[in-house]
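Engineer: Chains as they are written, first to last, in the working numbering: chain G, 1 to 366; chain B, 367 to 666.
Simulated from the structure, these hints should not be mistaken for lab results.
Even glycine gets a Cβ: it sits at the ideal position worked out from N, Cα and C.
Don't take every hint at face value.
Below, computed lysine-lysine pairings styled on DSSO-like, alpha-carbon distance capped at 30 Å [what the hints assert, rightly or not]:
1) Lys362/G x Lys341/G
2) Lys2/G x Lys437/B
3) Lys572/B x Lys600/B
4) Lys433/B x Lys480/B
5) Lys211/G x Lys490/B
6) Lys612/B x Lys2/G
7) Lys362/G x Lys433/B
Which stretches of chain B does chain G cover? Using the computed rule of at least three CB atoms under 8 Å from a CB of chain G, they are [as the list claims (entries may be wrong)]:
8) 403–417
9) 434–441
10) 453–464
11) 467–474
Far from chain B by the CB rule (all over 10 Å, computed), these chain G residues [what the hints assert, rightly or not]:
12) Ile23
13) Glu203
14) Leu247
Here is how the chains run, residue by residue.
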Amino acid sequence: MKTFFAFVNKEFKHIFRDRRTLIILFGMPIVLVVLFGFAITTEINNAKIQVVDLANDVYSTKLINKIKASGYFSVKEDTKNINDIERIFQDGKVKLAVVIPQSFSKDLINTNYAQIQIITDATDPNTSNIITSYLSAVFKQFEMEEGYTLSTNLEINTRMKYNPLNKSVYMFVPGVMTIILMLVSAMMTSITVAREKELGTMEILLVSPLKPSIIILGKIVPYLVLSLINAMTILLLGLFVFDMPMLGSYLLLFTEIFIFVLASLILGLLISTVSNSQQTAMLLSLMGLMLPTILLSGFIFPISSMPKILQYTSDIIPAKWFIIIIKSVMLKGVGITYIWKETLILIGIAIFLLVLTIKKFKVRLE
Amino acid sequence: MINIKNIKKSYGDITAVDDITIHVRKGQLFGLIGPDGAGKTSLFRMLTSLLIPDEGSAVIMGYDTVKDYRKVRNILGYMPERFSLYMDLSVEENLNFFATVFNTTIEENYHLIKDIYKVLEPFKDRRAGDLSGGMKQKLALCCALIHKPEVLLLDEPTTGVDPVSRKEFWEMLKSLQTKGFTTFVSTPFLDDAELCDEVALIQDGKILDMDSPQNIAKKYPHKLWSISASNNYKLLRAIGNYEKKKSAFAFGNSVHLATANEVEIEEIQNYLKSIIDYDFEIKPIEPNIEDAFMELMKEE
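Required output: the full structure, derived from the provided sequences and hints.
Structural biologist: Put into C-alpha cells, the structure is as follows:
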C-alpha cells in the first residue's frame, strides 16, 4: 500500500511540475466549453431582418412590435417598397424580409385569415432556416393571443421538446465534457506511460518488485481524480454560465462520469502498451480516439443520418453511449431505470478493455 | 552467484549475443568490456529478465531469469545504460521513491550509500534533470543501491561522464566490493578493465577472452616496445613500413610497436634512424590489457 501511495504521489508531482500538461489539463476544458458555448452556436441573437409594412395599421403594428419584443431580431423598417428587398439582400447584412400586405387588418377582421410573405436569402440556407423557424414561433404566439390565423408560405415548427428554446449549448456541454474527459483520460495516461518507456525509467520499474497491477493502478488513480475535477469544472460552467438545466440526480451523473472516465483511462493504457514513444501515443490517441469521438458520437453529426456501416461503428464508441446518458440525466431528468442499458454497455466496454490491457501489458521489454 | 550458460539472442538476422558462458563469483567485481554494439546491453537485459534468451539460460543466486523472474527482480540493483531517473523529481524524491518501491527507507540503508550520497546531499532539493552527468550517475547508483541488492548490474555506468568522475565512480565500485556486493559492470573503456577482478572481452556477441586483467595481459604473444618522439604521426608512418612489425598503435603520447620476440632493440633503432631525422626514445614495455584486447580484436 505504501508503494502504491508513493507511486501515485510521484505521478502527481510529474503532472504539477509540467506547466504544459497543467495548461492542457485545466485550461482546455474552459476554452473549449466557452468556444463551443459562445462562438459555435446555432441559435440566433439580434438577427437583422427587414420588415416591409404595406398595411401600416393596428394589427400590422402589433405584429411588428411582437417581433421586436421577442429579442431575437433587430428589425429594420426603412422602406415601404417591395422592390427594395433585392437591393437590401445584395448588401448582405439582412437575411430575411417580412412583407405584410396592404389588406392585412381587413383580411383578419373579415375572414379571420391573413397572409404574410417571408422572403429569405437562400445563399446562407442554414441561417435563413434558423431565423425562419424563430420567426414562425413569434407568429404562432401572435395568432394565439389575437385569435386569428396567419398563413405564411412556411409550415410552423412544433415545440422542441427538452430544449424548448433550441439552445445549442445544451447539446455542446455534454459533447465537450465527453471530449475533454476522453482526451484527458486516454491521451494523458498513454503519454505518461510512453514517457516512462522513452526515458528508460520503465526499465527500472519493471526490474523492481512493483507488480504490474500497482503500476497500472498508480497511473489510473491520479488521472481519475483530475478527470473528475475537470468534469466538475465543465458542469459548473454549463450550469452557471450557460444556464443548463440539471434535472436528474447528481449521484447518478457522477457515477456515470466515473464509469466513462475509467473506460477512457483503460483505453489510454491500452494505447500505451502498443506505443514506445510519447509521439506515437499522442498520435494514436488523437487519430484513434478524438476523431471517432467527435465524428461518430452524435455530438456534432446525428448518427441516424449516417450510412448503416458508420451507425454500427458508432455502437462501439463509448462516447456515444455517454452522451446519450448525460443528456438523459441532465435534460430529461431520468433515473437509472431508463438508462441501464447504456450504462451496462459502458461497463461492458470498460471490462473488455481492462482484460485486453492486462493481457497486453508487458512485464518484459519484448 | 551469476551463472550464464550458452546464452543466445538474435533480433531477426542479427545475432546480438552468440553463445556466451560467464560465471561470476560472490563478491567479485566482474567487467564486461567491449565496443558499442558488441551485445553488452542485450546480455544485461537478459540478466535483468527484461529479455528472454533464444537459447541457454542465466541463473542468479539460483533463480532462473525466465522462470523465477519475480524473485530475480527482488535481488537485483540495476542501472540501465541511460540515466533512468525522473528528471522532474528532486534528488531526494528520486531516492525516496526507489526506496519505497523496494519496500525500504533511506534511513534503513543509509550506511550503504553514505559515501556516495554525501557528495549529492548539498543538492538534494535540486531536480535530477539539472544535475551534471557525473552527479546523475552517482544518484542513479544510489537509487540502485538503496534496497541493499544482492547483485549490482551496471550497464555502461561511465559512458558520457568526464574522466575524473569516471575514476571516482570506479573507486566507489571498489569500496562497494569491500561491503560484499557482487558487481557485474559493462564498459567500452579498456582502461576501466584493470580495476576489475575478472573481465570478459566481448565483440560481435562473442567472448574473445575471459580471465583476470593481469592474465589476459600476460597472454600477449609478442614483444612490445614503446617509442616516443616529437612527432607521433610521422613516427607511426615510419614504423608502418617496418617489415618486422606485428602491429603498431598510437598510445597516448607514444607509439606501441609489437614485434616478434627475437627482435632486439638495436635493430629497431637502426631502422628508425635510417628513416627519420629527429630524436626518438625507445624502450621495451610490459603489455597491458589494452594491448591484449587490440591484439585479440585483430585476430578476430
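Engineer: State for each hint whether it applies.
Structural biologist: Right, here's what the structure says about each hint:
no.	hint	verdict
1	Lys362/G x Lys341/G	violated, 34 Å
2	Lys2/G x Lys437/B	holds, 20 Å
3	Lys572/B x Lys600/B	violated, 36 Å
4	Lys433/B x Lys480/B	violated, 35 Å
5	Lys211/G x Lys490/B	holds, 28 Å
6	Lys612/B x Lys2/G	violated, 63 Å
7	Lys362/G x Lys433/B	holds, 15 Å
8	403–417	holds (count 5)
9	434–441	holds (count 4)
10	453–464	holds (count 7)
11	467–474	holds (count 3)
12	Ile23	holds, 16 Å
13	Glu203	violated, 5 Å
14	Leu247	holds, 44 Å
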